[in-house]
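Engineer: Residues per chain are reported as follows:
Protein chains: 6
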Amino acid sequence: MKVTVSRKAHFNAAHRLYREDWSMAKNDAVFGKCNNPNYHGHNYELIASVTGSVDPVTGFVIDVKVLKDLIKIHVEDAFDHKNLNLDVKDFKDINPTAENIAIAIHNRLLPHISTGLELSITLYETPRNFVTYDGKS
Amino acid sequence: MKVTVSRKAHFNAAHRLYREDWSMAKNDAVFGKCNNPNYHGHNYELIASVTGSVDPVTGFVIDVKVLKDLIKIHVEDAFDHKNLNLDVKDFKDINPTAENIAIAIHNRLLPHISTGLELSITLYETPRNFVTYDGKS
Amino acid sequence: MKVTVSRKAHFNAAHRLYREDWSMAKNDAVFGKCNNPNYHGHNYELIASVTGSVDPVTGFVIDVKVLKDLIKIHVEDAFDHKNLNLDVKDFKDINPTAENIAIAIHNRLLPHISTGLELSITLYETPRNFVTYDGKS
Amino acid sequence: MKVTVSRKAHFNAAHRLYREDWSMAKNDAVFGKCNNPNYHGHNYELIASVTGSVDPVTGFVIDVKVLKDLIKIHVEDAFDHKNLNLDVKDFKDINPTAENIAIAIHNRLLPHISTGLELSITLYETPRNFVTYDGKS
Amino acid sequence: MKVTVSRKAHFNAAHRLYREDWSMAKNDAVFGKCNNPNYHGHNYELIASVTGSVDPVTGFVIDVKVLKDLIKIHVEDAFDHKNLNLDVKDFKDINPTAENIAIAIHNRLLPHISTGLELSITLYETPRNFVTYDGKS
Amino acid sequence: MKVTVSRKAHFNAAHRLYREDWSMAKNDAVFGKCNNPNYHGHNYELIASVTGSVDPVTGFVIDVKVLKDLIKIHVEDAFDHKNLNLDVKDFKDINPTAENIAIAIHNRLLPHISTGLELSITLYETPRNFVTYDGKS
Chain H
770 MKVTVSRKAH
780 FNAAHRLYRE
790 DWSMAKNDAV
800 FGKCNNPNYH
810 GHNYELIASV
820 TGSVDPVTGF
830 VIDVKVLKDL
840 IKIHVEDAFD
850 HKNLNLDVKD
860 FKDINPTAEN
870 IAIAIHNRLL
880 PHISTGLELS
890 ITLYETPRNF
900 VTYDGKS
Chain U
770 MKVTVSRKAH
780 FNAAHRLYRE
790 DWSMAKNDAV
800 FGKCNNPNYH
810 GHNYELIASV
820 TGSVDPVTGF
830 VIDVKVLKDL
840 IKIHVEDAFD
850 HKNLNLDVKD
860 FKDINPTAEN
870 IAIAIHNRLL
880 PHISTGLELS
890 ITLYETPRNF
900 VTYDGKS
Chain C
770 MKVTVSRKAH
780 FNAAHRLYRE
790 DWSMAKNDAV
800 FGKCNNPNYH
810 GHNYELIASV
820 TGSVDPVTGF
830 VIDVKVLKDL
840 IKIHVEDAFD
850 HKNLNLDVKD
860 FKDINPTAEN
870 IAIAIHNRLL
880 PHISTGLELS
890 ITLYETPRNF
900 VTYDGKS
Chain D
770 MKVTVSRKAH
780 FNAAHRLYRE
790 DWSMAKNDAV
800 FGKCNNPNYH
810 GHNYELIASV
820 TGSVDPVTGF
830 VIDVKVLKDL
840 IKIHVEDAFD
850 HKNLNLDVKD
860 FKDINPTAEN
870 IAIAIHNRLL
880 PHISTGLELS
890 ITLYETPRNF
900 VTYDGKS
Chain S
770 MKVTVSRKAH
780 FNAAHRLYRE
790 DWSMAKNDAV
800 FGKCNNPNYH
810 GHNYELIASV
820 TGSVDPVTGF
830 VIDVKVLKDL
840 IKIHVEDAFD
850 HKNLNLDVKD
860 FKDINPTAEN
870 IAIAIHNRLL
880 PHISTGLELS
890 ITLYETPRNF
900 VTYDGKS
Chain G
770 MKVTVSRKAH
780 FNAAHRLYRE
790 DWSMAKNDAV
800 FGKCNNPNYH
810 GHNYELIASV
820 TGSVDPVTGF
830 VIDVKVLKDL
840 IKIHVEDAFD
850 HKNLNLDVKD
860 FKDINPTAEN
870 IAIAIHNRLL
880 PHISTGLELS
890 ITLYETPRNF
900 VTYDGKS
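Residue numbers (our numbering), protein chains in the order written: chain H, 770 to 906; chain U, 770 to 906; chain C, 770 to 906; chain D, 770 to 906; chain S, 770 to 906; chain G, 770 to 906.
None of these hints come from the bench; they were simulated from the model. Careful, some of the hints might be misleading.
Stated by the list, open to error - Interface residues of chain S toward chain G, partial, derived using beta-carbon atoms under 10 angstroms: (1) V772; (2) T773; (3) T827; (4) F829; (5) V830.
Backbone N, C-alpha and C define an ideal beta-carbon position, used for all residues, glycine too.
With the hints as constraints, model all of the structure from the sequences given.
Structural biologist: Structure follows, in structure tokens:
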């Protein structure tokens with residue numbers, strides 16, 4: 770029996786969407802207000818979901834405290850109260866769109882999830898905009 | 770890498786669930802309070818979710834501003850502050866149940882979504898009742 | 770020691786904002802989309818708040834089950850799945866704006882609240898629009 | 770055309786996570802604060818989701834009032850205001866983890882869902898921890 | 770200029786409402802399902818609100834990190850994953866109703882709030898039931 | 770009869786809490802992670818509440834569309850997708866704490882609210898931290 774266990778977490782960060790190889794006018798046309806050179810920011814709400822078989826001994830797929838700590842160490846400590854463009858190496862050469870942030874979080878957490886478990890990341894950039902990435906193509 | 774991008778939107782509308790070819794008694798038996806001849810209404814919360822590959826140039830699957838505008842033009846302008854039975858042609862011959870409203874919204878948005886992207890619609894009729902339709906059978 | 774006890778409830782209804790003694794053009798100018806002659810509707814979320822002293826025997830200001838039942842009998846049964854303009858006598862001669870609905874709910878519940886307790890009504894017409902009325906002037 | 774219809778419900782319960790065949794120290798190590806011998810508790814939020822074809826006569830996959838009543842009879846009446854370990858037979862020999870509670874709810878509801886419909890259960894143990902089970906392996 | 774600063778927090782606990790000096794029948798009549806001898810439980814959501822003048826040097830009424838830590842030490846560590854009747858001395862001789870829990874939290878936090886600041890406690894027992902206590906009579 | 774009409778709005782912004790006349794060490798000690806020189810950010814949720822008598826002609830205290838437009842023009846257009854420290858003159862000489870942002874919003878909106886109406890501002894910096902300012906001392 771496969772069950773999905775999900776944990777919500779939260780971080781606040783500043784970001785800017787733009788490409789250095791584009792003019793300001795082209796960046797404005799494509800990224801609009803998100804291209805503010807002085808940055809803007811969000812309260813990102815994160816849901817990390819782990820799918821696998823229930824351990825008959827404990828009744829857990831994964832101990833949610835373990836999942837909470839993995840998110841704390843590998844995502845919150847790295848992203849919270851940071852400028853994603855300037856302070857977080859994941860976005861050195863890549864735009865910190867919600868899509869790319871979700872992929873980066875997936876890449877950070879997956880190595881710490883036991884083999885045989887699947888991982889999906891849902892990231893709310895605002896209460897009205899969110900993305901989901903499960904590592905599949 | 771496939772990511773799903775979701776946008777929430779909102780419209781208010783009146784509706785009534787009934788069949789003209791049924792008696793009032795049968796309509797009451799099947800549709801209960803939803804068969805009030807003077808209509809009742811809801812704040813519908815809509816989530817439109819688009820799945821596809823991330824564009825490596827922009828970092829977007831779809832520009833969420835584009836998605837927001839498509840919902841505005843094709844759904845909100847057509848449904849908001851309307852009587853779904855009387856004012857919206859989609860429900861001329863079909864009951865405006867949550868299921869059918871979600872299908873109608875899918876039908877309205879899909880032609881405007883790029884080929885290769887998948888579309889799923891979640892519609893909250895109340896905070897406790899909602900439906901999801903992704904066009905699959 | 771005074772404590773406020775609050776209970777949330779919910780009803781769905783259709784309504785229209787307009788004045789019969791005004792032209793359609795004037796009603797449109799003042800009430801906009803809310804003047805749709807075929808009505809529109811909302812999921813109304815209601816919070817009834819009762820303030821008073823804590824009974825040292827029970828630890829209650831008011832038994833929240835009693836408050837829940839009062840709301841059920843005097844508000845939900847009267848308003849839920851109704852057309853406020855056509856089906857509810859409170860709005861026979863008065864516009865069912867959020868302000869007036871909150872006042873009507875206050876008038877309906879207050880006679881059933883024990884003397885010495887204060888009553889306040891908060892009514893959400895949408896998740897973004899709400900009003901509060903506590904009977905004071 | 771397949772649509773998923775979801776209904777949210779709610780129950781409050783006490784529980785304790787532990788194994789009788791383990792020492793208190795081992796139970797503390799594995800289950801942490803959830804091993805409090807005097808129990809703790811939660812407001813469980815439940816989403817039951819039913820997937821199937823839309824009936825062209827009614828526009829329903831399943832009448833949400835029917836789904837609401839099934840949840841009331843088979844889940845809320847059995848679990849609400851109960852001690853899951855002591856009062857609910859489903860957990861006589863099994864730990865009431867969120868995973869196992871979701872499976873138990875699935876087992877209780879599935880026999881009452883029409884053949885050809887699929888059932889998925891999402892259970893929030895807290896606003897930040899939740900699980901999903903759809904009966905698949 | 771007075772501003773109110775609010776911080777939300779969370780704890781899970783079991784409780785039972787009853788009086789030892791009453792018969793089981795009388796306790797059932799007054800407290801209903803809340804009188805389950807094996808306890809039930811809730812996810813309590815707490816809002817602690819502090820009102821006072823804005824410090825012109827920092828722009829703070831109270832550092833919200835300080836408020837967060839006060840709630841952690843004096844409320845969460847004492848109440849979380851506990852049986853309020855058996856494990857928390859505040860309720861040794863008093864029923865753990867939402868009203869009394871809010872008063873107990875107010876009594877625990879107030880001595881640690883600077884003179885000149887006012888404190889109000891809002892406690893959600895469920896998403897639909899909540900109480901507010903500000904220490905005034 | 771006085772009623773309070775509230776409207777929710779939303780803006781995203783970057784900010785940093787610090788004093789130029791303090792050392793980095795002192796700023797870190799007082800403002801912690803909020804002193805990141807590269808900024809961080811939030812999704813600010815705003816509630817503007819207007820209290821006054823209900824107009825017997827319209828049933829409105831204030832037309833919520835008017836209130837929505839005032840917030841759009843005087844707050845959202847000025848603060849959304851901005852760096853509050855660098856892009857918004859209100860915070861040229863004042864720390865953009867939640868307290869000071871709420872006061873700035875009050876100052877921006879009050880001149881546009883009719884005499885005789887009272888204005889209160891609630892500002893959520895995160896879902897767990899919020900402030901309220903009503904212009905009173």
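Engineer: The structure should be examined with respect to each hint, and the outcome stated for every one.
Structural biologist: Each hint, compared with the structure:
1. V772: 5 angstroms, holds
2. T773: 4 angstroms, holds
3. T827: 6 angstroms, holds
4. F829: 6 angstroms, holds
5. V830: 6 angstroms, holds
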